[in-house]
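**Q** Residues per chain, in single letters:
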Amino acid sequence: MSAQIELFLQTLIAGILLGGLYALIGLGMALIMGVMRIINLAHGDLMMVAMYIAFFSYDIFHVDPYVSVLIATPALFLLGVGLQKFLITPVLKVESILPHNQVILTVGIGMVLSNLATVFFKSDYRSTPVDYATKAWYLSDFWRNSPIELSLSFAWSVSFVLAVVITAMLWFFLTRTDTGKSIRATAQDLDAALLMGVNVERMRMLTFGLGAALVGAAGCLFMPIYYLYPALGKQFTNIAFVVTILGGLGSTEGAIIGGVILGIFESMTATYLGMGWAPVGRFIIFVAVLVFLPGGVSSLLRSRRFGR
Amino acid sequence: MRKFLPIVLLALFALIPLVGLSSYLMHILILVVMWSVIGMAWNLLGGYCGQVSFGHAAFFGVGAYSAGIIYTKLGVSAWWGIPLSIIVVALVALVIGYISLRLRGPYFVLSTLAIGEVFRVSAENLEGLTQGNLGILIQERTWVEKIWYFYIILFIAAVTFYLIKKTIASRLGYYFVAIREDQDAAESLGINTTLYKTIALCMSAVIAGLAGAFYTNYMGYIDPDVVFSLSDISIVTVMVVMVGGVATFWGPLVGAVIMVLFAELIRSIPMLGAAHQTLFGILLIIIIIFLPNGIAGDTSKILRLLRIRRSS
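Top to bottom, those sequences are chains E and X. Note that the numbering used here has the first sequence beginning at 56, numbered continuously upward. Note that the numbering used here has the second sequence beginning at -19, numbered continuously upward.
Only chain E is shown next, with the shape it has when bound in the complex:
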């Protein structure tokens, strides 16, 4: 019995740790979704770019992946701003029959990024062999007579803590600064924000940059605990998408909750059903949310708040 509890708790911990990182990926997507009403299908590919930056700064300059958050995040911010300024904004102005041109455009961007990575870096699997990769804390070290044994990987916990710190910083930025408030205003009502003197064009650029920076930070945090290959983007775009659906359309609180739920769910399917089932589990969550809770978690939060 205690072995089963141990397994369950261990899986739960792994799920929460994974969920924190998923939340960070989903947050970037939700921000872009909220402000620009488009889905960024190049999201995972942007993360792949950040991971390559982290990998090469480790490989050439021996920069720790956690330190390269400070390199990759600004780099991705600039990349995001550039993409928005030179590709997405021009498309917003173009008259066309299909309203989803920007979404198709992000698919094109993602294709170019992942294919260029394959051409330049080959499809090899890479990872950063940091010396703390196998380090872990054990419950019995702290509590000698504990009836169950749990372990906590060092790298996973650092990644999780950093993800929480970045999320807190984002929250501070969005709620306590003028620029952050302008971004939220743009997301709530574009026309009203325009009338209040918000430079919507600049906010869009900033948001896309911020979304890219967030997923870039997530990429660096994934680097010590995951491996890297050029086609990895598609999988993480899917994850970001499921997280935003689960959380509710463009809701940032929802994205955090959605990320944690998806993390726990994936960890559970991996333990109890097998590793290969994770993509299928993701899809089942996706379908279940669409059928039973189309507004996502944030619709529950909202109805509670208004007492409906």
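Accuracy of the hints is not assured; some may be wrong.
[Stated by the list, open to error] Covered by chain X, according to a simulated footprint, are these stretches of chain E (three or more residues, beta-carbon under 8 Å):
(1) 72 to 80
(2) 97 to 110
(3) 143 to 149
(4) 287 to 296
(5) 338 to 349
By construction, these hints were calculated from the structure, which means they are not laboratory data. Ideal placement from N, C-alpha and C gives every residue a C-beta, glycine not left out.
Position chain X relative to chain E; hints supplied.
**A** For chain X alone, coordinates are given in the frame of chain E:
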């Protein structure tokens, strides 16, 4: 004259093989016609009804596999897959439509993307049914000469073209366009949007599935990575229509000619082969920014540009 253009063009296409083209050129011709069928299918759903799908590989692949599976499991000719695929793909499209047509706009786009991937993963893992990554090999080819395959796909293309033209001119077509332009307005006018979106999805899926069943018979070999491919089927389908012209009758054909020739050109240059997706992506970006309605949709714009250049 315009009225007879389709018939004239069909007659021209039917006469092309009589010139005596090489096997390779026939292959390219067949691919062009097949891609224009898939493009027309996508155009019905994406162009006219406004529901952009990134998962048409799912329908193409299900069509291809229904032909492959009756060949391996029942031992009958894979050509029976063409009628069978109509039923199978229509059922699959109904289920997919029930789930994903609840979504609007970009969320629908993403759900179709996910569905395409789920079909690929399932086809890889359901080894008892699909033989997994080994794929299905059709051992005996019906004809050595490509000419009969050409006429079959040309027939499918002609029927599809006629069907879509009739649909768009009918009440159904106006409903589709109304849904594309403003779904809420369409709903408030009493159009059952879910029903008509489902009809558009089923029609589109069945046509793409027919092309898939043809593909199995023509190529003689399918595996999950080929027929359920995201980058080589789903995205190319979108590109065929985007390049040719969204919501135009001739767009898919124009797009198919350009895309197939472009792909063959890239493949023939050894250094560029690995980077073909980059070039596709750049082409897609250029088309979206400069010719958002495609070559057939923006003809007047292209002509105007050319005229300015000539006069200046």
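**Q** Now tell me if each hint is right for this structure.
**A** Against the structure, the hints:
For the stretch 72 to 80 of chain E, the proposed coverage by chain X is not satisfied: 0 residues have a C-beta within less than 8 Å of a C-beta in that chain, short of the threshold of three. Coverage of the stretch 97 to 110 of chain E by chain X is violated. Counting CB-CB distances below 8 Å, 0 residues qualify, and the rule asks for three or more. Only residues whose C-beta sits within less than 8 Å of a C-beta in chain X count toward coverage, and the stretch 143 to 149 of chain E has 3 of them, enough to reach three; the restraint holds. Requiring three or more residues with a Cβ within less than 8 Å of a Cβ of chain X, the coverage given for the stretch 287 to 296 of chain E holds, as 3 such residues are present.
Residues of the stretch 338 to 349 of chain E lying with their CB closer than 8 Å to a CB of chain X number 6, which satisfies the three-residue condition for coverage.
The structure fails to meet hints 1 and 2 from the earlier list, while all remaining hints are met.
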